[in-house]
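**Q** One-letter residues, chain by chain:
Protein chains: 2
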Amino acid sequence: MAALTNGQDRRARFTAVFPKLQKELIEFVIAQGFPQEALSWFQRNLEYNAPGGKLNRGMSVVDTLEILRGEPLSEEEYFKSALLGWCVELLQAFFLVSDDIMDTSITRRGQPCWYRVEGVGMIAINDAFMLEGAIYHLLKSHFRKDSYYVDLLDLFHETTFQTELGQLIDLITAPEDHIDLDRFSLRKHQLIVIYKTAYYSFYLPVALAMYMAGIQDQAAFKQAQDILIPLGEYFQVQDDYLDCYGAPEFIGKIGTDILDNKCSWNVNVALAACTPEQRRVLDETYGRKDSICEAKVKEIFLAVDIPGKYAAYEQQSYEKINGLIDGIAETPGGLKRDVFRAFLSKIYKRTK
Amino acid sequence: MAALTNGQDRRARFTAVFPKLQKELIEFVIAQGFPQEALSWFQRNLEYNAPGGKLNRGMSVVDTLEILRGEPLSEEEYFKSALLGWCVELLQAFFLVSDDIMDTSITRRGQPCWYRVEGVGMIAINDAFMLEGAIYHLLKSHFRKDSYYVDLLDLFHETTFQTELGQLIDLITAPEDHIDLDRFSLRKHQLIVIYKTAYYSFYLPVALAMYMAGIQDQAAFKQAQDILIPLGEYFQVQDDYLDCYGAPEFIGKIGTDILDNKCSWNVNVALAACTPEQRRVLDETYGRKDSICEAKVKEIFLAVDIPGKYAAYEQQSYEKINGLIDGIAETPGGLKRDVFRAFLSKIYKRTK
Ligand SMILES: [Mg+2]
Ligand SMILES: [Mg+2]
Ligand SMILES: [Mg+2]
Ligand SMILES: [Mg+2]
Ligand SMILES: [Mg+2]
Ligand SMILES: [Mg+2]
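So the sequence lines, in the order shown, correspond to chains R and Y. With UniProt numbering as the guide, the letters of the first sequence map in order to residues 1 to 352. With UniProt numbering as the guide, the letters of the second sequence map in order to residues 1 to 352.
Bound-form chain R, shown alone (with noise of 0.2 Å):
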């Protein structure tokens, strides 16, 4: 067998713990003296839903501690930054299940959205609230003892909430079957895409990562979320770009942003530079199940130079969120520019 790479071995090393923690959530419903029937429920609702990503906010976590640290971690702080990494990949298992439902998603991660699984329906509701359970049962019985326990729950708490508050201005602001451009700004995408996913996919696995390195100065909390709500902000904003302008091979789906009527980057720019008559185009054809009207919407982006505008943005947000990284001042036991450095590498110019 050939040497598995760097990469794959990362993977594979924090898809093994999953396992692990997934035998401990079903031993205490044993316990209980649930019946089989309710086992395999949970197990197959844990198997289908929280694996299968690209795992990377999960493996972040890991990725984090170790920078912080600047030496490999001992097995057991491999162990529990990779729970907490898995904690991050249950709560956004937990948003997806749901908002596949809200959004009568047909697909996710190349199969059925879950509760789309015959047999689930609805029941894919309670399931998705067992997804965020698993969480608190997995933090208290590996970290109680730890004095910084409620500050992780305090952190889950908060970040859950903003997510909520994300979703709820996303739903209202872009119904799929209402369209109205007037509800969009670029004033409420940028509120969307922070509380939405700046906060759960960012902030939150290196403020797990901040907690158990030990770092306790609020001061430092607030510099990494000054940080990490820009570079997030800049990270859907390439999705949203990327959902028109990426190449489907790299992507790895055909965007539909358009023809969900979503309240994205391209069309807040768009409507803000717009001449009157393409806005009157715009509000025919924006949102609507129909190749032609999307055709007609890609015109005016084009028109409208959305490519042009996007590379200007990039840079600037680079630029913005290098010198914020470069602000840092390292102290040992403190924050490390690596952490961040390592995130905006991993985004700048990527093509998928």
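Do not take every clue at face value.
Since the list gives no way to pick out one identical chain from another, each pair is judged satisfied if it fits inside one copy or across any two copies.
What the hints assert, rightly or not - With a cut-off of at most 20 Å between alpha-carbon atoms, the simulated EDC-like pairs for lysine to aspartate or glutamate come out as follows:
#1 145 - 24
#2 23 - 158
#3 289 - 177
#4 140 - 158
#5 346 - 233
#6 140 - 154
#7 140 - 151
#8 289 - 176
#9 222 - 154
What the hints contain is simulated information worked out from the structure, not anything from laboratory work. It should be emphasised that the depicted structure is a prediction, and the values quoted were computed from it without experimental measurement.
Chain R is already provided as a structure; the job is to place chain Y with the ligands on it using the hints.
**A** Structure of chain Y with the ligands alone, referenced to chain R:
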């Protein structure tokens, strides 16, 4: 104006706390810079779903604390215990909003279920999450400095997960669209009622008050649970019994458990006591949306003497629970028998 009765007064004082909590939650969202439509939506979600029930669970936190203290509560103690009571009501609202979607229910507390309100639909799923999220926001802002803060968090997490487990086994045991009485059993009925109802309705409010009263001894929590779980089970058996045998003018609704294929105490006792011929009839008539089928089920319930068996069950439960209450050794700063007597006396031989 006529003097308020004690009961009305008690309810009015508890109810008056909710607008303060709502204001605090909305002000938090305002501080995040969210637009007016998001504020209004969240406000409406809170108002529509949190108050409006019987509030027994919430008020029992206050009552229990008062009994444990043995004297009237200070203004601050009243407020904080009522806040915990409202957190129990918020937890219930989170469960009910989502349960109504999963059960495709029509009305709740005399108004349309939230998901059936014009313009809400599946956004109700995220709204349910936000009702749960509100709990942790309120706990943090009022209890973060208390030594038992982390105990409150653990208790809410544990209770939430227990209720979700109860909901899971209920959902897979008695789906409305697939009738199979072989799935039912008294053992499963017991698991469903304990996990889905007893923990959050009976143990949670008392344990919250115990933490506020400064009780730390784990044995006291264990003893409270050992009384309140059978008490909650007895309460739910009554609920099932009254669904069939209660007077609609007392219980405020016409029971539909038989039509809805519910895994209720009545049918489980009937299944354990019936002849093969009666079983055949039950298989053909239980869970059908048909009043003739319902009448046949009720005939068998009478033939196997559900009312007599219920009277025996009630007497036996009453005596068992009374015995458990008598077993409490009252010590200063510890449990008080009156906490449990207060619950039992409200429940014993209730007709509504
Ligand atoms: Mg979606
Ligand atoms: Mg969505
Ligand atoms: Mg996208
Ligand atoms: Mg229901
Ligand atoms: Mg139900
Ligand atoms: Mg009932």
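**Q** Look at each hint and say if it fits the structure.
**A** Hints, verified against the model:
no.: 1; hint: 145 - 24; in the structure: within (18 Å within a copy, 32 Å between copies)
no.: 2; hint: 23 - 158; in the structure: between (28 Å within a copy, 18 Å between copies)
no.: 3; hint: 289 - 177; in the structure: within (11 Å within a copy, 33 Å between copies)
no.: 4; hint: 140 - 158; in the structure: both (17 Å within a copy, 10 Å between copies)
no.: 5; hint: 346 - 233; in the structure: within (15 Å within a copy, 55 Å between copies)
no.: 6; hint: 140 - 154; in the structure: both (13 Å within a copy, 8 Å between copies)
no.: 7; hint: 140 - 151; in the structure: both (12 Å within a copy, 11 Å between copies)
no.: 8; hint: 289 - 176; in the structure: within (10 Å within a copy, 34 Å between copies)
no.: 9; hint: 222 - 154; in the structure: within (15 Å within a copy, 26 Å between copies)
In this structure, none of the earlier numbered hints is contradicted; all agree with it.
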